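Please construct the entire structure, taking both the sequences and the accompanying hints into account.
Chains as they are written, first to last, in our numbering: chain A, 2 to 315; chain B, 2 to 315; chain C, 11 to 369; chain D, 11 to 369.
I should point out that these hints are in silico values taken from the structure, not numbers from a laboratory.
There's no promise every hint is true.
Calculated pairs, DSS-like style, for lysine-lysine (alpha carbon to alpha carbon, straight line, at most 27 Å) [stated by the list, open to error]:
1. A:16 <-> C:366
2. B:168 <-> D:366
3. C:293 <-> A:24
4. D:293 <-> A:124
5. B:194 <-> A:194
6. C:231 <-> C:293
7. A:307 <-> D:292
8. C:325 <-> A:307
9. C:258 <-> C:293
10. D:258 <-> D:297
11. B:315 <-> D:306
12. D:293 <-> C:338
13. D:237 <-> D:197
14. D:47 <-> B:249
Owing to the predicted nature of the structure, the values given are computational and were not obtained by experimental measurement.
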Amino acid sequence: MLNLFGLARIRVIEKEIAREYQKREMRCPIHLSIGQEAIPVGVSKSLNTKDYIVSTHRCHAHYIAKGGSIQKLISELYGKEDGACKGIGGSMHLHDKSINHLCSIPIVGGSIPIGVGIGYALKLKNKKNVSVIYFGDAATEEGVFFESLHFAALKKLPVIFVCEDNKYSVYTSINARQGNRSLKKIVESLNIKFINTLNNNVNDIEQKTLQARSYAISNGPVFIYSKTYRHLEHCGPNNDDDLKYRPKKEIDYWLKRDPIIIEIQKLKKIKRFNENKYLDFCNSVRKEIITSFVNAKKSKPFTFSKLSKLEYAK
Amino acid sequence: MLNLFGLARIRVIEKEIAREYQKREMRCPIHLSIGQEAIPVGVSKSLNTKDYIVSTHRCHAHYIAKGGSIQKLISELYGKEDGACKGIGGSMHLHDKSINHLCSIPIVGGSIPIGVGIGYALKLKNKKNVSVIYFGDAATEEGVFFESLHFAALKKLPVIFVCEDNKYSVYTSINARQGNRSLKKIVESLNIKFINTLNNNVNDIEQKTLQARSYAISNGPVFIYSKTYRHLEHCGPNNDDDLKYRPKKEIDYWLKRDPIIIEIQKLKKIKRFNENKYLDFCNSVRKEIITSFVNAKKSKPFTFSKLSKLEYAK
Amino acid sequence: MPNKNNLFTDAISDAFVQSMQKNKNVIIMGEGVTDPKGIFNTTCEALKRFGPQRVIETPVSENAMTGIQIGMSLLGKKSIFIHARVDFSLLAFDQLINNASKWHFMYGGTMNIPIVIRLIIGRGWGQGPQHSQSLESVFSHFPGLKVVVPSTAHDCKGLMISSIFDKNPVVFIEHRWLHNYSSNYSKKFYKISLNDSIGLKKKGKDLTILSSSIMLIESLKVEKILKKFGISLEILDLRVLRPLNLKKLFTSIKKTKNFLFVDNGWKSFGVGSEIFANILEKKLILKNTPVRLACKNFPTPSSHYLNKDYYVTVKDICLEVCKILSVKKSTQKKIIIQCDKILSKVPHDLPDLNFKGPF
Amino acid sequence: MPNKNNLFTDAISDAFVQSMQKNKNVIIMGEGVTDPKGIFNTTCEALKRFGPQRVIETPVSENAMTGIQIGMSLLGKKSIFIHARVDFSLLAFDQLINNASKWHFMYGGTMNIPIVIRLIIGRGWGQGPQHSQSLESVFSHFPGLKVVVPSTAHDCKGLMISSIFDKNPVVFIEHRWLHNYSSNYSKKFYKISLNDSIGLKKKGKDLTILSSSIMLIESLKVEKILKKFGISLEILDLRVLRPLNLKKLFTSIKKTKNFLFVDNGWKSFGVGSEIFANILEKKLILKNTPVRLACKNFPTPSSHYLNKDYYVTVKDICLEVCKILSVKKSTQKKIIIQCDKILSKVPHDLPDLNFKGPF
Ligand SMILES: Cc1ncc(C[n+]2csc(CCOP(=O)(O)OP(=O)(O)O)c2C)c(N)n1
Ligand SMILES: Cc1ncc(C[n+]2csc(CCOP(=O)(O)OP(=O)(O)O)c2C)c(N)n1
Ligand SMILES: [Mg+2]
Ligand SMILES: [Mg+2]
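Next up, the structure:
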């Protein structure tokens with residue numbers, strides 16, 4: 002049930018954040034990953050702890066799956082000193098150096114070249130690690146996406162590009178933005194190995210990332226593509242299906258293919274699903290996160306007067 | 002001999018510019034097109050006069066082939082008021098609205114989205130014309146190249162992208178910059194029709210652009226790719242083969258495939274080459290351009306005091 | 011007309027709809043312009059009336075889209091491209107600065123680029139360092155650009171219409187916090203000249219405050235507060251930064267002999283720098299040293315604890331005025347109480363209590 | 011050591027080679043850094059010694075390359091990325107401004123970005139509007155960046171070494187016309203602090219000139235000319251624009267009580283604006299109105315006829331000093347003759363007679 006636990010851990014945390022957020026004490030934008038957990042869980046399981054990741058505005062799941070500190074995450078949302086960025090960055094800049102999650106950047110496409118740079122440094126230093134770059138479907142429209150893939154391929158860098166295609170950029174469907182182009186062909190045209198994965202299937206994603214990882218270290222960049230779906234609104238804790246920008250049929254289709262449901266079905270099929278254990282696990286996560294809320298509320302904010310000292314590193 | 006004349010016209014003008022440039026009276030950078038004439042000649046022959054073109058720092062040939070005023074070109078190089086930009090833009094900003102050559106931009110890749118915008122306006126206005134975008138091999142490394150192709154394909158715009166691959170970006174070989182990626186695949190992956198042409202072969206380029214033109218008007222963007230070679234230095238009137246950044250073998254190969262030599266050989270084969278007529282033609286162009294030099298030298302510079310009025314259009 | 015509420019956003023919507031009605035070449039482009047929220051409800055009405063051929067959804071490709079705007083303008087299309095945050099426009103600086111700003115000049119006056127780049131300054135609810143930059147001083151450095159920073163619905167509509175029909179590239183910067191302010195504006199089609207940099211918003215005699223956008227609104231609040239204490243402020247709205255015309259400022263300073271500039275962004279190499287340089291060159295005689303009030307000199311912190319003191323507040327402005335005018339301590343105390351009362355009404359990281367997002 | 015000529019470019023080359031020797035994480039990247047001309051012969055020696063693994067040719071992809079620099083720096087690589095013209099860096103503003111400048115701050119001080127962006131200002135031989143921008147005031151607006159604008163070989167080397175070993179992103183802007191100037195500099199490895207904004211280049215008593223880069227060199231020429239006429243100038247070199255430390259300027263102005271700023275770029279919202287604002291705030295007492303001399307307020311025209319009067323010349327500076335100090339007309343005439351003599355020696359669109367390009 003390890004994979005299921007991985008998924009559930011993120012799901013419970015995100016749901017608790019959504020619930021707690023309503024109190025308006027976490028006063029920063031949040032881009033929740035509910036529905037999209039399979040990818041970071043699958044990817045992270047196949048990584049070495051010393052592998053690097055970079056992420057986007059929608060960074061919670063990447064951070065949690067890699068093992069980022071929950072307290073630092075929650076305290077960051079509350080804007081406190083013990084947050085990942087001392088409260089300065091907010092929800093969209095999660096990182097945890099201790100697990101080599103180096104940055105999250107909410108400028109679409111902004112972290113892609115940074116991940117490539119990490120890959121380049123790894124290669125120059127002869128390290129047998131990879132740099133994993135998470136991004137959404139919209140990021141593949143930015144020029145810097147193209148430039149970054151081009152450079153990674155040119156230098157054969159140990160980089161894994163992970164595209165989480167949830168079909169939307171805010172409220173805008175991928176069709177309106179990309180028509181019927183094939184991302185696979187684009188990636189392959191740049192001499193980058195393209196790997197499609199089964200939707201929201203942790204196991205498949207894990208297996209393929211494992212292959213991708215060793216391929217990347219010995220041969221150069223790989224692109225993991227995964228379709229997925231977010232359950233809630235683009236930014237915020239609520240459901241926004243009343244806005245009708247996503248067809249009801251489509252929503253229903255994907256809710257049925259919720260990664261957790263898929264995983265539970267799989268486990269049930271092989272008679273490995275232990276409901277009590279699962280509920281216990283969820284409860285334990287719930288407790289952990291609720292403790293984090295409590296701690297975060299008690300934590301102090303960073304001192305304003307010290308901020309100007311952070312303009313420059315000394 | 003029409004094609005040959007087209008080539009020779011550019012060649013003679015460029016050579017005369019190179020010769021005259023040594024006097025240091027044309028005081029601006031020049032990026033000559035000697036060796037690369039086949040593409041603009043072939044492309045322009047297949048265009049309607051109302052079709053649009055945009056160009057780069059290496060814009061002389063595009064401008065001349067489309068029918069741009071020679072006097073305006075030369076006067077621009079001399080920095081005079083009757084130049085294309087009144088002397089303000091210089092050699093790298095040639096344009097002639099009367100022939101729908103709307104701009105040349107020396108920022109690599111800079112004119113590509115502009116040409117796409119022209120194509121979009123044509124489409125919105127239901128005009129049956131195309132927008133032709135000339136650029137070099139290095140421009141295909143810029144993010145804006147990717148973004149622009151993507152948008153042109155999305156909106157199925159009547160745009161012809163013309164890539165003149167002369168293998169170098171200043172002194173840097175395409176291999177150092179692009180490795181072994183396939184531009185054809187990149188273009189096709191974006192749902193854009195890719196057409197390769199025979200190196201420096203006007204006739205082939207003309208035929209293919211003709212097809213491309215009608216395809217672009219009814220179906221959307223086309224990409225014409227053409228290998229070619231510049232004979233002189235990147236910027237300036239001289240040969241710089243002493244710098245040895247290009248292999249001797251490569252230079253020899255391409256000098257043998259000079260578009261003018263190819264065209265003369267072709268004409269000779271079918272017994273249509275009339276040497277006297279050719280030399281007469283070259284002489285007449287020489288006279289024309291020498292007259293342009295004389296006129297340009299006599300022309301006045303634009304008035305400095307009027308420049309500040311040009312900050313804004315009124 | 012969708013301006014029954016007279017919101018700032020209604021004024022923008024109105025400007026769009028009326029301009030599009032007037033001229034069929036006017037179009038709107040941007041990421042999200044056709045979505046259900048329609049850029050804070052400013053493009054919805056235009057979309058409803060003119061359809062997706064004239065309110066055009068675009069891919070997330072900022073630099074190309076700006077170049078495409080330029081190309082379209084060469085064939086007569088007048089487009090407004092919208093960036094939901096100023097910060098995103100940094101991706102388009104090549105096309106905006108290298109091309110659009112210089113075009114008319116570098117082609118010898120043979121062409122011109124009538125485009126609008128509409129930018130929104132983010133603030134509050136943890137927007138943080140990459141979603142709240144206020145870069146009007148940067149744009150204002152470039153010859154060929156016009157830079158508009160409206161603060162009231164009335165000005166906004168008239169300036170937007172002027173921007174759309176201007177022959178030059180106009181950077182139109184509005185502050186997210188102005189969106190829900192309502193103020194009267196005419197339902198007619200009207201223009202406000204872009205040559206009229208400064209609007210006189212309040213007459214006064216003790217001290218001149220010059221500011222733009224949301225800071226102008228804050229300054230107007232200050233004027234009201236201080237009036238009660240016998241301090242008379244003249245409030246000037248710096249609504250066009252380029253071309254810059256400071257005549258009204260000079261006249262005002264000659265009268266009040268005291269000056270405070272309130273900036274939306276950073277002080278150094280900022281808008282106030284240029285204003286102060288002009289004052290020095292004009293040899294204006296001031297009774298007291300003028301002051302530039304601005305955001306603190308670092309990126310915007312996300313945490314509401316930390317950005318509370320990052321932005322200039324009515325209290326900061328009041329205190330600075332008191333300092334300049336050497337207002338008695340006892341009066342200052344009373345003023346502070348007033349300010350604190352006002353500030354306590356709405357959390358500092360929200361423009362108003364109705365503000366729910368999208369953030 | 012390749013500094014037998016003590017050229018400005020030799021100083022840069024030296025700084026590179028010695029820094030790369032000192033620390034194996036130092037690398038150079040850019041378009042053309044490995045080509046036969048090696049960015050005006052500043053990277054050739056480094057390439058010869060350290061090879062293409064540390065002097066790295068890159069595709070023409072400015073924005074990604076800047077992001078890649080940032081990423082590499084997170085793993086300890088200290089890279090210098092070179093843009094052959096300032097103008098090309100506009101393509102990289104997203105990474106440079108949104109990311110590099112804010113990184114240390116927005117990640118709560120947990121990381122830092124030790125990178126150098128080396129930019130070259132083009133001028134002359136028809137460079138024109140898109141190859142000659144001088145945007146130091148724009149960079150200087152952003153918290154988190156350091157901005158260095160050296161003018162002599164000695165300063166250049168020391169400042170470059172400091173920039174390379176600084177823990178923050180440094181924008182290092184050099185002027186193309188300085189390249190062939192030679193002046194003594196030490197062959198040792200030495201640093202000049204980036205906190206030391208201003209260098210005192212000449213002591214004087216009648217008037218203070220502050221300027222940077224090539225305009226500092228022109229100001230030094232002016233000092234020599236005017237000395238002969240009994241006018242004593244104090245010349246200050248503004249070599250670091252951010253962090254800005256104007257103490258030496260204030261001291262100097264307190265002494266001379268006259269001030270002239272000479273800019274490399276445009277006046278409005280430019281470097282001089284910030285300087286003037288500081289002077290006004292400092293309440294310095296000036297005998298005469300200070301002046302900002304700058305390029306004319308439009309993009310650079312390509313034509314040599316037209317850019318002749320676009321840039322500030324020694325003559326412009328001399329005349330402005332004369333105006334400020336009310337120098338007698340008869341003396342002014344003599345000064346003009348001197349200036350014209352100097353200006354006639356080299357065509358105005360060339361830095362010197364040896365200048366042959368690449369342009
Ligand atoms: C350069 C830039 N342009 C626009 C935005 C506004 N924006 C924020 S998130 C977002 C959508 C991104 O979509 P995608 O990359 O698919 O990620 P998702 O939110 O679906 O996970 C956009 C357009 C931005 N942050 N940065
Ligand atoms: C954005 C940008 N980066 C770098 C340069 C410097 N530069 C001028 S021309 C050139 C080479 C362009 O090569 P290519 O596009 O192949 O055209 P070619 O000169 O070969 O015709 C470069 C890199 C530039 N002008 N603009
Ligand atoms: Mg998405
Ligand atoms: Mg080339």
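Now for the hints, and whether the structure bears them out:
no.: 1; hint: A:16 <-> C:366; in the structure: 20 Å, holds
no.: 2; hint: B:168 <-> D:366; in the structure: 26 Å, holds
no.: 3; hint: C:293 <-> A:24; in the structure: 55 Å, violated
no.: 4; hint: D:293 <-> A:124; in the structure: 56 Å, violated
no.: 5; hint: B:194 <-> A:194; in the structure: 23 Å, holds
no.: 6; hint: C:231 <-> C:293; in the structure: 30 Å, violated
no.: 7; hint: A:307 <-> D:292; in the structure: 26 Å, holds
no.: 8; hint: C:325 <-> A:307; in the structure: 22 Å, holds
no.: 9; hint: C:258 <-> C:293; in the structure: 15 Å, holds
no.: 10; hint: D:258 <-> D:297; in the structure: 19 Å, holds
no.: 11; hint: B:315 <-> D:306; in the structure: 20 Å, holds
no.: 12; hint: D:293 <-> C:338; in the structure: 23 Å, holds
no.: 13; hint: D:237 <-> D:197; in the structure: 32 Å, violated
no.: 14; hint: D:47 <-> B:249; in the structure: 19 Å, holds
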